[in-house]
Amino acid sequence: MSTSATPAAPAISSEHLTRRFGDLVAVQDVNLRVAPGQFFGFLGPNGAGKSTTIKMLTGLLAPSSGRMQILGIDLTQDSVEVKRQIGVVPEGMALFGRLTGSEYLNFVGRMYGLDRSTAAKRTAELLDFMQLVDQPKALVTDYSHGMQKKLALAAAVIHGPKILFLDEPFEGVDAIASNTLKSMLQNMIARGATIFLTSHVLEIVERLCSHVAIIHRGQLVAQGSLEELRAGVEAQAAAALTAAGAPHEIGASAPAPGEKLTLEQIFLRIVGGTRRADQELSWLG
Amino acid sequence: MAGLTFSPDMRGQFAAIARVRWQLFVNSLRTIRGRMEVVARGFIFFGFGMGAIIGSVALGFSAWYFVSSGRVDWLPLLLWPVFLFWQLFPVMASAFTENLDSSNLLRFPLTFPSYFLIRIAYGSLDPSTAMGTLWLLGMSIGIACASPPLFFVAAPVLLLFAIFNILLARMFFTWVERWLAQRKTREIFGVLFLFMVIGFQFVGPLVRHYGNRSHQPAVSSVVVEALPIERLLPPGLAAQSIAHFLRAEYALALGSIALLCAYTLAVLWLLNLRLRAQYRGENLSEAVARTVAPAGKHTIQLGWEVPGVSSPVSAVLEKEIHYLSRSGPMLFTLLMPVVVLLIFRFSSGKTDSAGGLLGHSSDLAFPVGAAYTLLILTNLVYNSFGADAAGIQFYFVSPVRFREILLAKNLTHFLVLVVEMVLVWIGASLMYRPPSFDVLLATFTGVFFALVVNLTAGNLFSVYTPKKVDLATLGRQRASQVTALASLGIQAVVLGLCALAILVARAYHHIWIAAIVFIALAAVALAIYFLVLNRIDAIALQRREAMITELCRA
Chain Y
1 MSTSATPAAP AISSEHLTRR FGDLVAVQDV NLRVAPGQFF GFLGPNGAGK STTIKMLTGL
61 LAPSSGRMQI LGIDLTQDSV EVKRQIGVVP EGMALFGRLT GSEYLNFVGR MYGLDRSTAA
121 KRTAELLDFM QLVDQPKALV TDYSHGMQKK LALAAAVIHG PKILFLDEPF EGVDAIASNT
181 LKSMLQNMIA RGATIFLTSH VLEIVERLCS HVAIIHRGQL VAQGSLEELR AGVEAQAAAA
241 LTAAGAPHEI GASAPAPGEK LTLEQIFLRI VGGTRRADQE LSWLG
Chain P
1001 MAGLTFSPDM RGQFAAIARV RWQLFVNSLR TIRGRMEVVA RGFIFFGFGM GAIIGSVALG
1061 FSAWYFVSSG RVDWLPLLLW PVFLFWQLFP VMASAFTENL DSSNLLRFPL TFPSYFLIRI
1121 AYGSLDPSTA MGTLWLLGMS IGIACASPPL FFVAAPVLLL FAIFNILLAR MFFTWVERWL
1181 AQRKTREIFG VLFLFMVIGF QFVGPLVRHY GNRSHQPAVS SVVVEALPIE RLLPPGLAAQ
1241 SIAHFLRAEY ALALGSIALL CAYTLAVLWL LNLRLRAQYR GENLSEAVAR TVAPAGKHTI
1301 QLGWEVPGVS SPVSAVLEKE IHYLSRSGPM LFTLLMPVVV LLIFRFSSGK TDSAGGLLGH
1361 SSDLAFPVGA AYTLLILTNL VYNSFGADAA GIQFYFVSPV RFREILLAKN LTHFLVLVVE
1421 MVLVWIGASL MYRPPSFDVL LATFTGVFFA LVVNLTAGNL FSVYTPKKVD LATLGRQRAS
1481 QVTALASLGI QAVVLGLCAL AILVARAYHH IWIAAIVFIA LAAVALAIYF LVLNRIDAIA
1541 LQRREAMITE LCRA
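Sequence order for the protein chains is Y and P.
So in the working numbering, the last spot in the first sequence is 285, and the numbers never skip.
So in the working numbering, the last spot in the second sequence is 1554, and the numbers never skip.
A few of these clues could be false.
Listed below are the simulated DSS-like cross-link pairs for lysine-lysine, each with C-alpha atoms no more than 30 Å apart in a straight line [stated by the list, open to error]: (1) Y:Lys137 / P:Lys1184; (2) Y:Lys162 / Y:Lys182; (3) Y:Lys182 / P:Lys1184.
Hints are computed from structural coordinates only; laboratory data are not their basis.
Build the full structure now, drawing on both the sequences and the hints.
As structure tokens, this is what we get:
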């Protein structure tokens, strides 16, 4: 796949990013390049290395080798400055369960260097925006999963980060909350922020993201704009058709004539992932 | 639907749980930390094993002596300490006690009897149960040596007493856990505890009053007043039933056993109430009702601003205080130093002057209480991130250095210690007499030195061997066993140094010499503390994966 060239310095870049866990190479030689202002979707099947990559990019995990730069700053050289510029919703959401929602947001704001009154003001605004004001005295641990997700996202943006890293932000979130989150993220992009998101909900990624990368078995197998990915897959399919004389393993993922390939179809073509009918669990139901 | 005919039996479920526990243990050995935990557990097991064997032999010998010398009425003197240890040790040494998270079990198709038995079995694996059981076994053997036929009575009676203790400890844990889980019940519990402390203040004068009225020596008057009550309580009943059998008073013996059975059944019923509520999926969260707040109208309180420290340090300190103030079990544990003073105060019949175990040297009350306070605090200090759980990720993605985070946590520990010391001072002054200035100075400097040493070591252990704990649940605050063992070693060294300084001061008849030694030691400890604090960022970054893995564990 081609990599789209961006004239500006990348917001996020990695060179030969590799992470090993013993004998397992979870992420191998990943070269990412995300331009400022991009809504970037990072996709891959389960266990492909998405979370490992996002953890390395946010300082939660040390790489075995390779380099990472955020806004031109080397993460290993000046991690504190990088952390000031980014907001993160990690896999575990990083919440403090025994605080109330407002205490938590206030706390996070002050940890990011906001003064007391600004932290309090933004806390009130965010709780209102995320519709979390109904239970001001409830502890975070008593929030529903969706409410916790919204709170984690509110915490990630309270300091107005230039780059937002989101690991599965829409998982367990209802349609209303999902709409709220999407509009907030689109507003951030409109104001020049960069968003790096992993998600299994490909429809959402397709609707929100301008650029996508796909990781499979630890290696980056595709990176570019949606159009670039689509063109690449269609070119491959055409080549296969010419070689074999018949459509090969396109089946249900093939688009109707004249229709564009969806992101799901592109994803399935790139990473494979068809399951035979005889592999179904016959004892179920 | 296919598969619904399968009916899992209890035996199969128990075997599955045992197998999964074994597999978890085997898997834990894959990491160096896991292997270190096993080694630490080995040492702790050895320590408790020695305590169990020595206690068993001592109690066995004492029981043999009492029975063979016709002093069988003295058996309660052996059973009461066993009973108190069994019930108090899990609360006082929470670092060695762990409670089961029942929510893990409830998603499986367990029947209530299975669930009940599993909860009892898990609870019975703690050191106090193992030691208490062995001590009672030692007593049975001692009684058997003194009077072989009596063994056939003593063994079942002591077995019943052991069952009563196991059930009572479980019942106590589950009910206290329930009371401490919510603010309202926590406050009621706190008020009751306060009444108990105040009530104890009247015991001394009452005993003195009745002692004087009967013109008997104070000690014997207390015994006379307390004996009828003591004989109706489980340790007394167990001892009485053995004594009655020896004297061929079978009706009385059976009566005592029946009453002990009644106690056991009552405890079983109370425990059953709690466990059944848990089994039905009781949720003790403090969630409050939704309120309709007009958009944008709610106000948020400003965060704390602690003078002399940075904004992030203030924020972490505020967060830590919120956590502690919402942890019923932790607040309960922090009251224990005053309880210990109470126990010492009323541990013997010497009620005339200062009284109690510390009666002959009431100046010791404040230092003993202060030392115990520090010991309790180690559970927090040595596992600073344990309660943060998944929040640890936030510390790693935030632009705040770990030295600031730990500094804030240490400041919290220091504040808690100061409050505790004031409480202990008030308690010691009320129950004994206000400590002299020399003792006060030596205690404060000694505790300060010990605190700095513990904070230094605690910061390192918090990063190297963190363990996820739940401050809201009694019995789920067990630190890593490596940490527990190491902290015991450090306490021994600190205590040794303090004892040495006090011995030197006593030799010169000037207690202030000890204070000077403590100040010098504290200065050295402070230098090391800041050295460690300056290196803690690099260490935390090195250890981040292990910390996150452990603390984010489900």
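Handout entry: Holds or violated: Lys137 of chain Y to Lys1184 of chain P, with C-alpha atoms at most 30 Å apart
Key = holds, 14 Å
Handout entry: Pair hint outcome, Lys162 of chain Y versus Lys182 of chain Y [Cα-Cα no greater than 30 Å]
Key = holds, 17 Å
Practice task
For the pair supplied as a hint, Lys182 of chain Y and Lys1184 of chain P, confirm whether the alpha-carbon distance does not exceed 30 Å.
Solution key: At roughly 40 Å apart (the allowed maximum being 30 Å), Lys1184 of chain P and Lys182 of chain Y break the hint.
Violation of the numbered hints given earlier is confined to hint 3; every other hint is satisfied by the structure.
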